[in-house]
Structures are given as structure tokens and as C-alpha cells.
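*Asks:* Residue strings, one per chain:
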Amino acid sequence: MVFADLLFIFLFFALCLAISTFMKTNKARNIVLLVFSLIFYAWSGPWLLLVLCGMTFVCYFGAIQIEKAKEQMSGSGSPLKAKKMMRLTLILTLVICLGALAFFKYTTFLSTEFARWFAPTAHIPQIILPIGISFYTFQLISYVVDVYRSEVPAQKKYYLLLLYAGLFYQCIAGPIVRYKTVAQELTDRELNLSDFSKGITRFAVGLAKKALLANTLGALADTLVPVSGQGIHNAAAVTVFLGSLAYMLQIYLDFSAYSDMAIGMGLMSGFHFLENFNYPYMADSMTDFWRRWHISLSSFFRDYVYIPLGGNRKGIARQYLNLFIVWVLTGIWHGAGWNFLLWGLYFFLILCIEKRIIDFKEEPSKGAYVARRSITLVLLFFGWILFRYSDMSVMLDVLGGLFCINGNPFWDLTTSLTLLNNCFLLPAAIVACTPIIPYLHSLLDYAAYKKRGLRPVVRVLSVVLPILLVVLSALYLAGQNYNPFLYTQF
Amino acid sequence: MSNQSEQFDPISALLGEDQQNKKHESDQQKAKKPNHDEIPQWRDVRRETPTFVREKDQVSKIKIISFFALLGIGFLIGLLFFLRPTVSETEKRELTPFPSLTWSSFWSGDFTKEVSVWYADTYPLREGMIRASQTMKSAYGIQSVSIKITEHGEDIPTEIPDDIDQYIKDHESETDQPVNPVEGQTINNLYVSGDTAYELYAFNTTAALKYAQAINKAAEALSGKAQVYNVLVPLSYSINLPESTATSLGASSAKDAIRYIFSVVGDNVRKVQILDELTNHKDEYLYFRTDHHWTALGAYYAYVCVCQEMGISPMALSDYRTTNEIPGFLGTLYADAGQPASLKSNPDTVVTFKPNSTNDIIHYDGNGTKYTTYGIINGVSKTSNKYLTFLGGDFAYSEIHNPDKHDGSSVLLVKESFGNAFAPFLVDSFEYVYIVDYRYYKEMTLAQLVDTKGIQKVIILNNLVATTATARINELNAFFGS
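Chains as they are written, first to last, in our numbering: chain A, 1 to 490; chain B, 1 to 482.
Read the hints as simulated data drawn from the structure, not as lab findings.
Check each hint, because a few of them may be wrong.
As the list claims (entries may be wrong) - In silico DSBU-like pairs for lysine-lysine, Cα to Cα no more than 30 Å straight-line: (1) B:Lys-382 to B:Lys-354; (2) A:Lys-83 to A:Lys-156; (3) A:Lys-198 to B:Lys-137; (4) A:Lys-27 to A:Lys-198; (5) A:Lys-24 to B:Lys-56; (6) A:Lys-198 to B:Lys-442; (7) B:Lys-56 to A:Lys-450; (8) B:Lys-255 to B:Lys-282; (9) A:Lys-180 to A:Lys-157; (10) A:Lys-450 to B:Lys-61; (11) A:Lys-361 to A:Lys-198; (12) A:Lys-157 to A:Lys-27; (13) A:Lys-81 to A:Lys-198; (14) A:Lys-180 to A:Lys-24; (15) A:Lys-24 to A:Lys-198; (16) B:Lys-453 to B:Lys-225; (17) A:Lys-81 to A:Lys-68; (18) B:Lys-271 to B:Lys-217; (19) B:Lys-255 to B:Lys-271; (20) A:Lys-27 to B:Lys-61; (21) A:Lys-451 to B:Lys-61; (22) B:Lys-148 to B:Lys-282; (23) A:Lys-83 to A:Lys-180; (24) B:Lys-442 to B:Lys-217; (25) B:Lys-61 to A:Lys-24; (26) B:Lys-56 to A:Lys-451; (27) A:Lys-81 to A:Lys-156; (28) A:Lys-314 to A:Lys-70; (29) B:Lys-271 to B:Lys-169; (30) B:Lys-61 to A:Lys-198.
Hey, can you work out the whole structure from these sequences and the hints?
*Replies:* Given below as C-alpha cells:
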């Protein structure tokens with residue numbers, strides 16, 4: 001099931017929200033949420049539940065063992081043996097989790113590559129990737145490691161850990177919520193009007209971003225620069241540019257829409273997830289971009305890979321090696337394919353160069369600031385092209401097409417028609433990638449603060465707009481039968 | 001929340017810029033606590049904007065109640081099972097039925113996937129919602145001239161591969177696309193300009209070769225029994241749009257495609273060239289402007305070409321005693337283009353020429369059920385799909401006997417829906433006309449049918465788009481018995 005779907009909104013979520021809101025205790029709410037989450041997850045195939053529940057059990061059991069060993073360490077017994085036991089359990093748990101992730105995610109790709117070179121006739125196993133596994137595996141790992149680091153106590157109740165890992169708000173496309181962020185709220189949270197109201201707005205904005213903008217942009221990108229590569233070779237340069245731009249806008253709006261909806265639904269049931277995006281296309285350097293893009297993933301790699309490897313504390317050479325490892329992992333986390341590796345290395349390279357040439361402590365001049373922002377956007381534009389095409393020949397067609405190297409025209413009728421047919425969509429999508437609307441909102445808010453007479457207007461808008469967005473999105477969703485979320489495949 | 005500030009310093013350590021990080025943090029703090037004396041500044045805007053005026057609980061309550069009400073209404077409408085439609089009038093297709101439950105479909109998740117599709121596809125207010133959403137979509141840009149391309153044509157090669165069957169085998173997986181824009185499915189490539197919508201054809205080498213080989217197999221199977229005629233129907237853009245426009249829209253050249261396919265089809269098949277004849281009459285009403293089919297007039301000129309190829313004299317248009325005009329037709333392209341106003345205000349008129357000899361036809365559907373209630377030309381005042389006037393729609397197999405002729409002449413038309421407008425013209429020229437819609441007919445192979453009925457001439461008629469759809473060609477092959 002995906003969020004931008006009539007069945008989800010009007011049946012699944014409507015029921016879940018109504019039942020869980022009217023439950024008296026958090027325990028009852030948790031059980032309702034868990035049941036709904038399991039149904040949601042099983043919707044993509046009940047066998048997937050075995051993977052989710054199994055991996056959660058391994059981590060549940062591992063964390064409890066780690067905590068037991070820890071108690072032994074501080075108590076009587078032999079501390080050395082207990083410490084060994086603790087490490088062994090951690091390693092074993094991580095090996096099982098990462099092993100399962102690697103098995104589901106990379107087996108098909110690796111055996112295809114192996115077969116290509118060594119055994120062209122071999123039968124290649126086609127392994128289905130359990131939906132959301134990349135997200136919940138990382139959540140579970142962060143939990144076990146945090147228990148090991150004594151940052152959180154182990155969860156004694158299996159069903160609560162399963163709720164943490166499998167909560168349908170974030171289970172299949174993030175954000176990667178840390179256990180310590182929600183540990184307390186799992187059992188001890190309050191519903192209040194203000195959070196609920198914020199949650200509705202957030203959910204509505206996310207749904208509209210997905211349904212009204214991202215889906216249409218996605219269709220545009222698939223038409224102009226299809227992943228299959230069909231027709232790209234002869235397409236006009238500006239058409240290829242528009243298609244790639246549509247993809248760049250889509251991937252942010254789509255993915256952040258998912259996080260918006262997750263955060264919004266969280267607020268409606270008393271959870272406070274951390275932000276996952278902060279207007280990434282407003283970044284003034286790639287360094288800045290990665291502070292703003294998929295924050296829960298980059299901070300995961302920081303806290304569980306980069307720093308444990310020594311971070312920047314073991315000399316410059318070691319620091320670059322650590323960065324290299326992080327970016328290789330970031331690349332392949334996004335998918336099993338050479339292009340994802342290439343994409344990771346592309347950012348590694350840019351970040352290394354930025355470290356050498358940009359002095360982040362200095363306030364840039366106006367000109368330098370504009371230049372840096374433009375360069376960042378251009379580099380991102382090409383980054384998304386690497387990201388999109390697993391077929392290298394198609395990628396080269398796209399890159400060549402942008403500069404008329406394919407012998408393609410610069411401009412043709414399709415280009416003008418595409419521009420004409422989307423002349424309001426593209427600017428609207430660009431605006432949605434910036435904080436312009438929140439800024440206008442705060443201006444209006446300020447005006448209402450100064451002038452009492454404006455307050456009723458603000459109140460009416462704050463009720464009507466979110467509802468209107470949900471209605472418009474539902475209308476739009478009714479008219480389309482195909483709208484998978486981009487990020488659920490990772 | 002255990003650590004508020006963590007929110008905005010995700011990867012700072014990764015990049016080793018602690019100071020920068022601190023700066024961001026302090027910015028963040030500033031943003032959260034609005035300075036009530038200053039106008040908000042652009043640079044202070046962050047993910048969570050500061051609020052100057054706290055929302056009143058009462059306002060929150062109204063908002064929450066409205067949200068619940070909205071979900072509740074949507075939920076209740078979804079429950080109205082008896083109002084769920086099964087057919088979409090505007091899209092001219094059957095909606096997804098509720099899936100049947102089997103253990104394997106349940107376990108793999110196919111069942112639930114289908115349930116989701118069914119729920120959205122048959123949602124009670126869907127038609128109205130779609131109309132509303134189409135109005136919304138027109139806000140995405142200026143749509144007076146619009147284009148939608150989902151299939152891109154390949155370059156039409158000048159040479160034929162040495163081993164055609166091997167070539168098809170090697171490339172078959174690539175052609176396994178969901179292309180089947182014949183009747184009831186969405187149209188892949190569409191161009192709308194003013195009051196006219198054009199379906200665009202995208203050439204596919206492997207499919208073209210496969211189609212040509214299928215025709216060769218048919219001729220082989222009928223060798224010594226009946227003569228095979230092959231008609232390839234170009235789409236309206238090939239006749240009515242300048243070639244340069246078609247090229248810059250990415251549409252394949254019908255002329256080159258037909259030449260290529262006919263160069264692979266053997267000489268034992270009579271290849272009927274209709275492109276030039278249609279082009280000669282390009283100012284006439286040969287194709288619908290809101291539907292992907294041709295008009296009876298377009299089909300008539302193809303009939304003239306077929307007669308010439310057969311060496312018989314065609315009926316003149318003025319010979320037809322009963323002609324009829326049915327106005328107000330908005331067809332598939334209209335639905336597919338998102339019901340644009342420019343088409344809606346200029347609907348098509350369906351013109352029919354009723355055969356002089358008889359209007360009687362016997363139909364059989366795919367299950368062998370017999371129908372005698374339809375005529376060759378039908379009244380269609382009650383249905384929105386006026387193209388159904390021709391034969392009453394697509395039936396697997398049909399027979400017509402011309403009482404005015406006694407020469408034992410017989411013809412079999414193998415067709416998809418483009419053949420419906422064409423078939424009525426054959427009636428006055430032959431004693432027996434048999435029609436097979438190869439998409440639905442499963443009873444006999446071509447050779448068996450020709451033997452059983454003693455058929456002398458076989459016309460295989462396809463629009464060019466059908467030669468790009470693997471599913472269509474597989475059905476042809478199945479009928480030809482290979």
C-alpha cells in the first residue's frame with residue numbers, strides 16, 4: 001500500500017485514525033497501531049511479515065542479551081567475559097541484519113554481474129526486495145547499537161519494538177527514526193489539539209506535494225526521458241533538459257512528501273519524529289545539501305559508520321578513507337547497481353574538493369553565494385542523471401543529448417509543446433522546493449499579530465487550506481491508476 | 001523528543017565543520033523564537049516557521065473535526081458497494097473487478113494489490129472526480145495544443161535482417177511493452193491541436209518483423225487454397241499533418257513503416273497500398289477527430305484499393321441508397337486527451353453507408369454464443385460510443401449472406417476494430433462475407449476455417465499501431481496456427 005492512494009486515505013487511514021484517537025490509553029493505541037501497521041505491511045505480500053517480524057525478533061533478543069551481559073559486567077561474575085559476550089552478541093546481531101539486507105538487496109545484482117563475466121548461461125535467482133527493508137533494518141541497527149552504547153535501555157516488550165520498526169508511518173520510506181527519539185513516546189505520549197492540528201497540515205501538504213506535483217512531474221520525466229532510453233537519442237536538447245529537471249523536482253517532492261506525511265501522521269498520534277528534509281535545493285554547497293537532504297540517513301552514516309571509524313580524529317588520510325567508505329555505502333544503500341555506486345563516488349569527490357577550496361567559516365560575498373548556489377544546483381542536476389539510469393548507454397544518451405552531441409536538435413515542436421503544456425506546473429514545483437510559501441505564511445502571521453482584524457482570515461485559511469489540499473489530492477488520485485512511490489524501492 | 005538541536009546538524013561531524021554547525025544551530029534558535037518587533041526575514045525561514053499568533057484551541061478543534069468529517073465522508077462513500085460502477089463510460093472500458101482470492105495470490109500480495117486497484121477504480125464518485133481532476137490538470141499549463149508520448153518510435157531500418165526469426169527471438173524481450181492501444185485501452189501517443197486529436201504511431205522493428213512473418217505464415221498455411229490480401233491502415237496524422245510536423249512530434253513515418261513491413265511480406269501475399277489513395281482524398285472526412293478510428297469514408301477508399309487489387313469493380317459511393325449521419329460523437333481520443341473543451345465543442349459526426357443487399361448479420365462472441373439482434377449498420381442513439389454503429393461492435397466471428405448474389409464468391413476479413421467500418425463495403429461485392437476478430441476468436445485456425453467454409457479470398461486488415469503490439473501479433477499467430 002502507498003500513502004497516495006484512495007484506499008489508504010479513505011479506508012485504511014480513516015479507520016486507523018478514528019479507532020486509535022478514541023482509544024483511552026497508550027497501550028490500546030499501540031495495539032491498534034501495531035495491528036494496522038502489520039496489515040499495511042502485509043498488503044504488499046503477507047510473506048514479507050516473516051522478514052519484518054524475524055529481523056525485529058533478532059534485534060529484540062540481541063539487545064536484551066547485550067543488556068544482560070552489561071549487567072553482569074557491573075555486577076559480580078567476570079567483567080571481561082561479559083564484555084566479550086556483549087561484543088559477540090552485537091556483532092552477531094549486526095551480521096544477521098546486514099546479511100539479510102545484503103541478501104535481499106544485492107544477490108540478484110551480484111549474481112547477474114558474476115554470470116555476465118564467468119557463467120553466461122547460469123540461472124539467475126530473482127529475489128524480491130521486501131518493501132522498506134532498507135529503512136527498518138537501519139532503524140533496528142541504530143536501536144541495537146544504542147543499547148550497546150548504553151544510550152537507551154533495551155525494550156522488554158517485543159510488540160513495542162515491532163511497532164517501532166514496523167509503524168506504517170515510516171516503515172516503508174522513512175524517515176529512519178532513531179529508537180531514542182521515540183523510546184519514551186512509545187509508552188508515554190500525549191495527544192493534544194495543537195500537535196494534531198499541525199499534523200493535519202503537514203499530512204495535507206505532503207499528500208498534495210505527492211499527488212498534485214510529484215506524480216505529474218514523474219509522468220513528465222517518464223515521457224521525456226524514459227528510463228528505458230526510448231526516444232532519448234533523437235530528442236531535442238531542451239526536451240532532455242526539461243525531462244531531467246522534472247525528475248530532479250519529482251525526486252525531492254516525492255520523497256519529502258513521504259516524510260511530511262509520516263511526520264504529520266506521527267503528530268496526529270503523539271509522536272514527534274525529527275525532520276528529514278530542510279529545503280535541500282536551497283543549499284549553497286554540496287556539504288550544505290547533505291545537511292538538508294534525507295537527514296535521517298546522513299546522520300545515520302555519521303553516527304554509526306563515520307565516527308566509529310575514527311571520523312576526522314585519526315589524520316587527514318584516514319579521514320578521506322572514512323569519507324570514501326561512507327559514500328560508497330550511501331551510494332549502494334540507494335540501490336543495487338553500478339550507477340548508484342557512481343552516484344555515491346560523485347558526491348565523495350565533490351565533497352572532498354569542497355573541503356579543500358571552500359572556507360566554510362567565512363561569510364561568502366553576495367556574488368560568491370549566488371555562484372555557489374548555482375554550481376550546487378548544476379552538480380545536483382547531473383547527480384540525479386547518474387542516479388536515474390542503471391543502463392550506462394542510456395545515461396550517455398541523456399548526457400550527450402543535453403549538449404546536442406547525439407546529432408539531436410536543440411529545440412523542436414515537442415519542446416515547445418512540453419513547455420506550453422506545463423508552463424504553470426514547473427514554476428509551481430520550483431516554488432514548492434523553496435521556503436517561499438512558509439515565508440509568505442510567516443509574513444501573514446506577522447501581519448495578523450500586528451493587526452487583530454486579520455486574525456479571522458488567518459484562522460479560516462488555516463482550516464480551509466489543508467482540507468482543500470486533501471480534497472484536490474483525492475480528486476487527482478481518483479483519476480490515475482498508477483502511482484507507486486519512488487522511494488519504496490530502496 | 002530527546003534532543004531538539006539534533007534536528008538540524010545531521011552530517012556536520014562527517015564533514016568536520018563544527019563551527020559551521022554551531023552557526024546553523026543558533027540560526028535555528030533564532031527562527032524558533034520570533035522577534036515580535038521585526039518583520040520576519042527571508043533568511044530566517046526554516047522548516048518550522050515561527051508563529052507569532054498561537055492557534056486557538058477552538059480553531060484546532062474545527063480543523064480536526066473537518067478533517068475527520070472529510071475522511072468520514074470518503075470512507076462512507078467508499079462503503080456504498082451498490083453504487084460502485086463496473087464500466088467507465090468516458091474511458092470506454094471495463095473497470096477492474098474485485099479479485100478472486102486464492103492462497104497463492106494472497107500470499108504473494110497480488111490479491112491485496114488488486115483490491116487497491118479495484119477500490120480506486122470503482123470508487124462510487126469516480127467519474128465525477130475524474131472530470132474534476134481533468135479540469136484541475138488543465139491548470140498545469142496552456143493546453144490548447146498538447147502532446148502526450150509514452151512510446152517512442154525506433155528508426156525505421158532500410159535493411160532486413162538475414163535471419164528474421166532469429167532476430168525476433170533475440171529482441172523479443174525488448175518488445176514486451178504494454179502497448180495495446182486497440183479498443184478500450186489507453187492510447188500511448190497523442191497530439192491535440194485545435195479541434196483535432198491525433199493518435200501517433202511509434203515504429204518498432206522487432207514487432208514489425210514479427211507481424212510480417214505472421215502474415216507470411218498465414219499465406220503459407222493457405223497456399224493453394226485462398227489468396228491473402230494484406231491492408232495496413234495509416235493513422236490520421238500520416239494523411240492530415242505535414243510530414244515535418246509529424247517528425248518533430250516523434251511520430252514514425254507510415255510510408256516508411258508500410259514499405260518496410262511489405263518488403264518482408266512475401267510475394268504470395270497481395271499487398272494493398274492505400275496510403276496514396278487516402279492522401280489523394282485528404283481534404284475529405286477520412287478520420288474522426290475525437291476517436292482513434294477511421295470514418296466509413298476512409299474505409300471506403302481502402303475498399304476501392306482492395307477491389308482494384310482483386311480485379312473487381314467497387315461500388316460507387318453514389319450507389320448506396322441508404323446513408324445516415326449520426327452527430328455528437330466524442331470518442332476515445334477525447335477521453336484520453338483529458339476531455340478538452342476544444343474537442344467537446346466540436347464532436348464528430350458518424351456517416352454510414354448501409355449495404356444495398358442486406359443489413360443482416362449473424363454474430364458469435366468468444367464463447368460461441370450466437371447473436372442475431374444486431375445489423376451491419378446499427379442505430380446508436382442511446383450509446384455514447386457511436387463507432388458501435390458499425391457491426392454493433394467487436395464480435396469474435398460473424399457471417400453475412402448477400403441474397404442478391406449467386407456466384408458463390410466468398411471473402412474472409414481478419415481484423416481488429418478498424419475493420420468494423422470497412423466490412424460493410426464488402427457485403428455488396430461478395431455472396432458470402434465472413435469476419436474474424438482475431439483478438440477474440442479461438443474456435444478454429446485460419447486454414448481450418450477457410451477449408452470449412454470454402455473461402456476464396458482472405459483480407460488481413462490492421463491499423464499500424466496493432467503492428468507494434470506484441471499481444472496483438474501473438475493473437476494473430478495463434479489464429480494462423482503457428
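*Asks:* State for each hint whether it applies.
*Replies:* Comparing the hints with the structure gives:
1. B:Lys-382 to B:Lys-354: 19 Å, holds
2. A:Lys-83 to A:Lys-156: With Cα atoms ~21 Å apart, Lys-83 (chain A) and Lys-156 (chain A) stay inside 30 Å; holds.
3. A:Lys-198 to B:Lys-137: Cα-Cα ~28 Å, so holds.
4. A:Lys-27 to A:Lys-198: 24 Å, holds
5. A:Lys-24 to B:Lys-56: 24 Å, holds
6. A:Lys-198 to B:Lys-442: This hinted pair is violated, its Cα atoms lying about 60 Å apart.
7. B:Lys-56 to A:Lys-450: 17 Å, holds
8. B:Lys-255 to B:Lys-282: The given pair, whose Cα atoms are some 15 Å apart, holds under the 30 Å limit.
9. A:Lys-180 to A:Lys-157: Holds. Lys-180 (chain A) to Lys-157 (chain A) sits at ~16 Å (cutoff 30 Å).
10. A:Lys-450 to B:Lys-61: 25 Å, holds
11. A:Lys-361 to A:Lys-198: 36 Å, violated
12. A:Lys-157 to A:Lys-27: Status holds; Cα separation ~12 Å.
13. A:Lys-81 to A:Lys-198: Given that 30 Å is the threshold and the Cα spacing comes to 50 Å, the pair is violated.
14. A:Lys-180 to A:Lys-24: Holds: Lys-180 (chain A) and Lys-24 (chain A) sit about 25 Å apart, inside 30 Å.
15. A:Lys-24 to A:Lys-198: 22 Å, holds
16. B:Lys-453 to B:Lys-225: The given pair, whose Cα atoms are some 11 Å apart, holds under the 30 Å limit.
17. A:Lys-81 to A:Lys-68: 12 Å, holds
18. B:Lys-271 to B:Lys-217: Given that 30 Å is the threshold and the Cα spacing comes to 15 Å, the pair holds.
19. B:Lys-255 to B:Lys-271: 14 Å, holds
20. A:Lys-27 to B:Lys-61: 25 Å, holds
21. A:Lys-451 to B:Lys-61: With a Cα-Cα distance of about 24 Å, the restraint between Lys-451 (chain A) and Lys-61 (chain B) holds, given a limit of 30 Å.
22. B:Lys-148 to B:Lys-282: 25 Å, holds
23. A:Lys-83 to A:Lys-180: Satisfied, since the Cα-Cα distance of roughly 23 Å is no more than 30 Å.
24. B:Lys-442 to B:Lys-217: 18 Å, holds
25. B:Lys-61 to A:Lys-24: 19 Å, holds
26. B:Lys-56 to A:Lys-451: 16 Å, holds
27. A:Lys-81 to A:Lys-156: This hinted pair holds, its Cα atoms lying about 24 Å apart.
28. A:Lys-314 to A:Lys-70: 29 Å, holds
29. B:Lys-271 to B:Lys-169: 25 Å, holds
30. B:Lys-61 to A:Lys-198: Roughly 12 Å between the alpha carbons, so the hint for Lys-61 (chain B) and Lys-198 (chain A) holds.
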